[in-house]
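S.K.: Listed below are the residues making up each chain.
2 protein chains.
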Amino acid sequence: MTPVDELIQMFGQQHVLTGEDTDSYTTDWRGRYQGAALAVVRPGSTAEVAELVRWCVAHSVPMVPQGGNTGLCGGATPDSSGKAVVLSLGRLNAIRSVDTDNDTMVVEAGCILQSVQQAARDNDRLFPLSLAAEGSCTLGGNLATNAGGTQVLRYGNARDLVLGLEVVTAQGEIWNGLRGLRKDNTGYDLRNLYIGSEGTLGIITAATIKLFPVPVAQCTALLALESIDDAVVVLSAARKGFGAALTGFELIAGNCLQGVTQCYPQQRIPFEGPSAQLPWYALLELSDSESAEHARERFEEVVGATIEDGLVADAVIAENISQSKALWHLRESIPLAEKAFGKSIKHDVSIPVSRMAEFVTTTNAALQQRFPGIEHVIFGHLGDGNLHYNVARGDAYTEEQLLAMQDDIYEVVHDSVHQFGGSISAEHGVGQLKRDALPRYKDPVELALMRQIKQTLDPHNLMNPGKMLAT
Amino acid sequence: MTPVDELIQMFGQQHVLTGEDTDSYTTDWRGRYQGAALAVVRPGSTAEVAELVRWCVAHSVPMVPQGGNTGLCGGATPDSSGKAVVLSLGRLNAIRSVDTDNDTMVVEAGCILQSVQQAARDNDRLFPLSLAAEGSCTLGGNLATNAGGTQVLRYGNARDLVLGLEVVTAQGEIWNGLRGLRKDNTGYDLRNLYIGSEGTLGIITAATIKLFPVPVAQCTALLALESIDDAVVVLSAARKGFGAALTGFELIAGNCLQGVTQCYPQQRIPFEGPSAQLPWYALLELSDSESAEHARERFEEVVGATIEDGLVADAVIAENISQSKALWHLRESIPLAEKAFGKSIKHDVSIPVSRMAEFVTTTNAALQQRFPGIEHVIFGHLGDGNLHYNVARGDAYTEEQLLAMQDDIYEVVHDSVHQFGGSISAEHGVGQLKRDALPRYKDPVELALMRQIKQTLDPHNLMNPGKMLAT
Chain D
12 MTPVDELIQM
22 FGQQHVLTGE
32 DTDSYTTDWR
42 GRYQGAALAV
52 VRPGSTAEVA
62 ELVRWCVAHS
72 VPMVPQGGNT
82 GLCGGATPDS
92 SGKAVVLSLG
102 RLNAIRSVDT
112 DNDTMVVEAG
122 CILQSVQQAA
132 RDNDRLFPLS
142 LAAEGSCTLG
152 GNLATNAGGT
162 QVLRYGNARD
172 LVLGLEVVTA
182 QGEIWNGLRG
192 LRKDNTGYDL
202 RNLYIGSEGT
212 LGIITAATIK
222 LFPVPVAQCT
232 ALLALESIDD
242 AVVVLSAARK
252 GFGAALTGFE
262 LIAGNCLQGV
272 TQCYPQQRIP
282 FEGPSAQLPW
292 YALLELSDSE
302 SAEHARERFE
312 EVVGATIEDG
322 LVADAVIAEN
332 ISQSKALWHL
342 RESIPLAEKA
352 FGKSIKHDVS
362 IPVSRMAEFV
372 TTTNAALQQR
382 FPGIEHVIFG
392 HLGDGNLHYN
402 VARGDAYTEE
412 QLLAMQDDIY
422 EVVHDSVHQF
432 GGSISAEHGV
442 GQLKRDALPR
452 YKDPVELALM
462 RQIKQTLDPH
472 NLMNPGKMLA
482 T
Chain L
12 MTPVDELIQM
22 FGQQHVLTGE
32 DTDSYTTDWR
42 GRYQGAALAV
52 VRPGSTAEVA
62 ELVRWCVAHS
72 VPMVPQGGNT
82 GLCGGATPDS
92 SGKAVVLSLG
102 RLNAIRSVDT
112 DNDTMVVEAG
122 CILQSVQQAA
132 RDNDRLFPLS
142 LAAEGSCTLG
152 GNLATNAGGT
162 QVLRYGNARD
172 LVLGLEVVTA
182 QGEIWNGLRG
192 LRKDNTGYDL
202 RNLYIGSEGT
212 LGIITAATIK
222 LFPVPVAQCT
232 ALLALESIDD
242 AVVVLSAARK
252 GFGAALTGFE
262 LIAGNCLQGV
272 TQCYPQQRIP
282 FEGPSAQLPW
292 YALLELSDSE
302 SAEHARERFE
312 EVVGATIEDG
322 LVADAVIAEN
332 ISQSKALWHL
342 RESIPLAEKA
352 FGKSIKHDVS
362 IPVSRMAEFV
372 TTTNAALQQR
382 FPGIEHVIFG
392 HLGDGNLHYN
402 VARGDAYTEE
412 QLLAMQDDIY
422 EVVHDSVHQF
432 GGSISAEHGV
442 GQLKRDALPR
452 YKDPVELALM
462 RQIKQTLDPH
472 NLMNPGKMLA
482 T
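The listed protein sequences derive, respectively, from chains D and L.
For the first sequence, our numbering assigns the number 12 to the initial residue and increments by one for each residue that follows.
For the second sequence, our numbering assigns the number 12 to the initial residue and increments by one for each residue that follows.
Among these hints, one or two may not hold up.
Since the list can't tell identical chains apart, any single copy or any two copies may satisfy a pair.
[To be verified] Derived lysine to aspartate or glutamate pairs resembling EDC-like cross-links, with alpha carbons at most 16 Å apart: (1) Lys354 - Glu145; (2) Lys251 - Asp112; (3) Lys354 - Asp32; (4) Lys453 - Glu422; (5) Lys94 - Glu457; (6) Lys357 - Glu62; (7) Lys336 - Asp320; (8) Lys453 - Asp200; (9) Lys350 - Glu369; (10) Lys336 - Asp447; (11) Lys453 - Asp171; (12) Lys350 - Asp200; (13) Lys354 - Glu184; (14) Lys336 - Glu31; (15) Lys350 - Asp419; (16) Lys251 - Asp135; (17) Lys453 - Glu237; (18) Lys357 - Glu31; (19) Lys336 - Asp325; (20) Lys251 - Glu411; (21) Lys350 - Glu386; (22) Lys336 - Asp200; (23) Lys453 - Glu330; (24) Lys357 - Glu386.
No wet-lab data here; the hints were simulated from the structure.
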């Protein structure tokens, strides 16, 4: 019996895919990584995941866990050897239980994020994790990569939304750690060790996640600013004035907004005259537990003070939900409107908020010196210190030239990030994309500790090999 | 040259204590554990900590890291062999830097928690970690044990307040992980692995901690309740109505308040008639970013609705700061007033909030069945699912009898906690006190993973041996 026959016998014909049927699982969605698999296996329960892992260990077959396959770093794509099994968690998609009094929900790894959000909402609760791929990414993938998204400022990263985990270890044992406790000091924090480990230490099969009250009202404002320095002071004022009600603080470069209106003429920048031409804008979101009127009043008071202090050149506060949506739509259209600038080289970096302005000035200058005329396309989550610092060809280069410069651009930007005490991957993870850059920037003691942990928990290097750490 | 002579040569006579000078370091502050040490060494810098660790490794000398020696589980007390070095972090007490724009501060492990809070306040920021021992405990100890305290509902446990760490590994290498980043997905979460590991994997020497805006106003209310079930519904309503402004929700049994007024006649329960005789009370704290008036209005609206719904029998909302303080003082006097009940057997447990009422009923009944007439002294942080479920002798037993029953009482309570999906140590850790109970309640796969990690990172078992895990 061939290995694939064995798998079919164990998991059933329709849950073991081979040949062309594996195509959508062996390529990442951006089409950057193309791999091959012995088979894609879709176990139907945690016990079946454990059975599959034990089979893989017995046969020395590498495993690549996969959720919605929406990752941006090739972390869920097998290598091209065709030796690995892609372990798709898609069938583990039950909401196992909801506990509204405890504000928790037990969810399986293969649940689509949007379904998780909906299940919370059906119970008059909020599960705040929210990101562009939410219609197809899975909670398991979100946890494997410690996803960020738009609500980090208030609710934290994915890891901050989890109380307990169920994990199949690299030996195929099941750790039942699905605790719904906000306080538990009885041992090492294995939960956070598995979260963000990109499937290289074990397989998360379910999680106990935190739920929150649904805000009564949300209100949005767009501020026009002269500088990032001003934006940083306004952020402090907003944190002080709104407390935890401040749920969004996005920074947007003027050329990004102009790119949006150029691509989508039905959208407009809600400012006239010089305010429409400023270099920076900030989008603020306030989530209120009281009322829409109260949110607006608070906005007027706190933003009003920043205008009086000369920190904000101009401000538009949404009068109603549709105006709020229009402002967010401007922000959310930026990645799509980037085609106005042609292909761009993207960076997902974080910097201490206090060094953001200097980082942008310094990095822009370093790039201009090396690649004169290159265009900067910068936006991001200022409240989290997270910039999508992208680089477009401008009028100076062709697309081909830009792509040929890609690795050098990465290095200039990441070297600068490192110099400013930042991270070369704020929210997307490492995967294959940044694996080989890691040793350049990571503390060697830290990297050695990571290798020791990998070696201990996965001694045969079968769990997603070649991701995060080179083999 | 003797080993102690070598240490004196390396660190200076006044920083190497021996004989009687070690007494206050080799006994825990509650006087439950009495150990002995080869010496107490007080290194003056991270480099010196690393040097000391390397010396200990070279000489196979166990190390017991110690901060303010205020732990409740004997985690910082050496065994009685006299072979260990107590590594006191007290001289590493610098606030290395404050970054108000980034809302972070870099603090050394030996800083007294109160000094850390003060340094934040001096910069118009809040460091919210707050607990009874804050005048003498150190940040390093708080992180080693992942301390809880009174602000967990809003700000989380100690681990949630940390962005980066500096750690001396069990090999005496220095990991510089003092990142001030809110997003960083470039590898395994070593930060959370060291936090809460009680000095068994390495020594935390400094941390980058998060700062928050200082609330503009705080307001407190005391509610009189018929049952824990009602308290749980009120908690949900308060979370919904106040959002993240709800910073405290303490549950107090009626006999605890009566014990306080009995011990301290100058304090009084602020209710008259039947409301003063109810079985449960809840203390709520609201932290407002707007004004004291606004906080009070919100209280009246949200608490008013729970009274109308018949969930709350009676309520007192503090009119001013001194009334707020009087209400908190009632709560904070409970541990001291427990002497009104004589010595008690204490439990620091957590339970899912939704199962709290059933847990108390079931556990009370189990204890009464086994030890008729025993008295229950129950209070805790309901919002975190954390109960201080204490057991006093009542009129039925002498103190001696109670102490003889101690281990059986632990077992009845902890078995019940386990049955309700709870934790036998919510915020105090394991140390020596609960080490041998752990295998009874911990998932064996989890315990095996913990042992593997310990074995890898500290292969010679020199880092705080015998704490958390039996050797």
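S.K.: Does each hint fit the structure? Answer for all of them.
M.R.: Hint check results:
no.	hint	in the structure
1	Lys354 - Glu145	neither (24 Å within a copy, 55 Å between copies)
2	Lys251 - Asp112	between (30 Å within a copy, 12 Å between copies)
3	Lys354 - Asp32	neither (31 Å within a copy, 69 Å between copies)
4	Lys453 - Glu422	within (14 Å within a copy, 46 Å between copies)
5	Lys94 - Glu457	neither (30 Å within a copy, 30 Å between copies)
6	Lys357 - Glu62	neither (40 Å within a copy, 43 Å between copies)
7	Lys336 - Asp320	neither (28 Å within a copy, 36 Å between copies)
8	Lys453 - Asp200	between (22 Å within a copy, 13 Å between copies)
9	Lys350 - Glu369	neither (27 Å within a copy, 59 Å between copies)
10	Lys336 - Asp447	neither (40 Å within a copy, 56 Å between copies)
11	Lys453 - Asp171	neither (23 Å within a copy, 23 Å between copies)
12	Lys350 - Asp200	neither (43 Å within a copy, 36 Å between copies)
13	Lys354 - Glu184	neither (45 Å within a copy, 44 Å between copies)
14	Lys336 - Glu31	neither (42 Å within a copy, 70 Å between copies)
15	Lys350 - Asp419	neither (22 Å within a copy, 70 Å between copies)
16	Lys251 - Asp135	between (29 Å within a copy, 10 Å between copies)
17	Lys453 - Glu237	neither (35 Å within a copy, 56 Å between copies)
18	Lys357 - Glu31	neither (31 Å within a copy, 63 Å between copies)
19	Lys336 - Asp325	neither (19 Å within a copy, 43 Å between copies)
20	Lys251 - Glu411	neither (47 Å within a copy, 54 Å between copies)
21	Lys350 - Glu386	within (13 Å within a copy, 72 Å between copies)
22	Lys336 - Asp200	neither (39 Å within a copy, 36 Å between copies)
23	Lys453 - Glu330	neither (47 Å within a copy, 54 Å between copies)
24	Lys357 - Glu386	within (12 Å within a copy, 64 Å between copies)
When held up to the earlier numbered hints, the structure conflicts with 1, 3, 5, 6, 7, 9, 10, 11, 12, 13, 14, 15, 17, 18, 19, 20, 22 and 23 and fits the remainder.
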